[in-house]
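**Q** Each chain is listed here by its residues.
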Amino acid sequence: MIVGAVVLGYDKIAIDRGDRHDGVHIIRRLGSGRCSCSRRSLCSSPGGSRAHWTVRADAGRGRVGSRGSDEPVPDLRLPVLGEEIARGIPGFIERSGAAAAALAGNPTEAGAMKNLQRRLVLLVSGILVAAAAFVSYRAGERFEHSLTQQRLGMTQEIGRSVAVVIEKALTFGVPFDQLVDTERFLDAVKRDNPGVDYIIITTPDGQLRYSTDLSSLSNLAGLRGSLAAWDGRERSMRIGRYFNTATAINGKGRHLGWLHLGERANVIEQLLRDIVFDILTVLVGRDAGGVRADAIAAGGVLRIATACHA
Amino acid sequence: MTWLLLGRRSAPLWLRLGLPISLIIALAIGFISFLNYYNYRKTYQQLNVARIMVVARDLRQAIESGLNVGLAPRSNTQLATSLAVAKDHTEGVRFAAIIDEAAKKLVEVGGAAANQDWLQRLKSAGEELSWLGEDDDTYQVGLPYRTASA
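Residue numbers (this note's numbering), protein chains in the order written: chain A, 1370 to 1679; chain B, 736 to 885.
Hints should not be assumed to be uniformly reliable.
Claimed, not checked - Straight-line distance between alpha carbons at most 30 Å, and here's what the computed DSBU-like set of lysine-lysine pairs gives:
1. LYS822/B - LYS1559/A
2. LYS1537/A - LYS840/B
3. LYS1621/A - LYS822/B
4. LYS1537/A - LYS1621/A
5. LYS1381/A - LYS777/B
6. LYS1537/A - LYS822/B
7. LYS777/B - LYS822/B
8. LYS858/B - LYS822/B
9. LYS1381/A - LYS839/B
10. LYS858/B - LYS1381/A
11. LYS840/B - LYS858/B
12. LYS777/B - LYS1559/A
13. LYS822/B - LYS1381/A
14. LYS822/B - LYS839/B
15. LYS840/B - LYS1381/A
16. LYS1621/A - LYS1559/A
In case anyone wonders, no lab produced these hints; they're calculated from the structure.
Predicted, not measured: the structure shown is a model, and the values here were computed from it.
In isolation and in its complexed conformation, chain A is listed as follows:
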């Protein structure tokens, strides 16, 4: 039965200001890069494309027919607004029909058009994908730093919470080497905080005393070596694939050990993995639901590109 609640209010302005600042910053940084990217991409269109455009220009001016057919292709003038539309539409339809008929009678030119169309689609798609990748990469660089700081803040809170419990036991006179059921307690903490990959308690000289299950960690020997060399000058430091956050454990007025919490270093990679997992889930569900594969795949690719890791 609920008999009350704990309520914590945290600063809205600071958060909004923080992420808005990051948003503005990334847009500013993107400004120069995006322009240069578009300009570079457009300007670097090969001469071949330009040549094709010239062919197309000729086609638009009614010279197509003169190459393979005696009958000239009618002018493909497009209607414009207002009265122009009213006057132009019937004529436009008529001319379009005639142009289509002339093109159909000339397979070479029709093929050239299709070829041009295909190349244009490829060019635009290529530029789009490159631009999207560039924008996402730059945004990811900026956002990763900010998000990592947030995650480390959370890990430090968890560390402080665990250290308080251990220090309370120490104040009751339990020796540091003989804390009971510590592994189970650490496992429970790890379970409650899925982002945490390991929790290790060491002596000041880095000897491992208590820990969660470490069998799933990669390069455990390297991690042990790094913890042994831990000097406490920094609260958080990257060790291999993990960000290690250390909290001092004190008792009876002296430093008794370190509490180390580790979480995977690459926030962006984890978020991307989550997104890919979502997409795979949808793809598996598609088979049952009969949704079109290409639509799902396109949506998935778009989501990866647009999610920008963050």
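Following the hints, put chain B in place on chain A, whose structure we already have.
**A** Just chain B now, with coordinates in the frame of chain A:
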């Protein structure tokens, strides 16, 4: 725009093709940037909530430990100290409060605005372990505490 669409008198074909292509690319990049930013903002706020939640869970555990031995939050003199420590050590926390089932403040550190919807939140909490709320100045995390018989 008409000069773009007209046939013979119009702009060159590269311009007629290039303009729409550039426009599409610009729109796509704008859309991607928009999605990126909101995705980032959502993740940032989730991490913030997770950080505050760690502190709030500790406080709830302290309250429930007291309740298990028959110590009501109102009589638990350690809670005010715990709230003060939580507020001072946690970046960004503006207030911490413990309320009863009628949403009346039992212990409070920092200043919460007067008109809060905590009573409604408590009533609709059910089996929920937490709620997220906000007022004009703060985002809020609320964790209902329960008696052991529940």
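**Q** Can you confirm whether the C-alpha distance between LYS822/B and LYS1381/A stays at or below 30 Å?
**A** holds (15 Å)
**Q** Within a Cα-Cα threshold of 30 Å, do LYS1381/A and LYS777/B meet the stated pairing?
**A** holds (14 Å)
**Q** Given the hint that LYS1537/A pairs with LYS822/B, test it: the Cα-Cα distance must not exceed 30 Å.
**A** holds (20 Å)
**Q** Check the hint pairing LYS840/B with LYS1381/A against an upper bound of 30 Å on the C-alpha distance.
**A** holds (22 Å)
**Q** Regarding the pair LYS858/B and LYS1381/A, is the alpha-carbon distance no greater than 30 Å?
**A** holds (25 Å)
**Q** Please verify whether LYS822/B and LYS839/B have alpha carbons no more than 30 Å apart.
**A** holds (20 Å)
**Q** LYS822/B and LYS1559/A: Cα distance at most 30 Å?
**A** Distance of about 24 Å is within 30 Å: holds.
**Q** Given the hinted pair LYS840/B and LYS858/B, is their Cα-Cα distance within 30 Å?
**A** Holds, at roughly 16 Å.
**Q** Does LYS777/B pair with LYS1559/A here, judged by a C-alpha cut-off of 30 Å?
**A** Cα-Cα ~24 Å, so holds.
**Q** Would you check the hint for LYS1621/A and LYS1559/A, treating anything up to 30 Å between C-alpha atoms as holding?
**A** With a Cα-Cα distance of about 27 Å, the restraint between LYS1621/A and LYS1559/A holds, given a limit of 30 Å.
**Q** Is it true that the CA of LYS1621/A sits at most 30 Å from the CA of LYS822/B?
**A** holds (25 Å)
**Q** Given the hinted pair LYS858/B and LYS822/B, is their Cα-Cα distance within 30 Å?
**A** The given pair, whose Cα atoms are some 26 Å apart, holds under the 30 Å limit.
Hint compliance for this structure: every hint is met.
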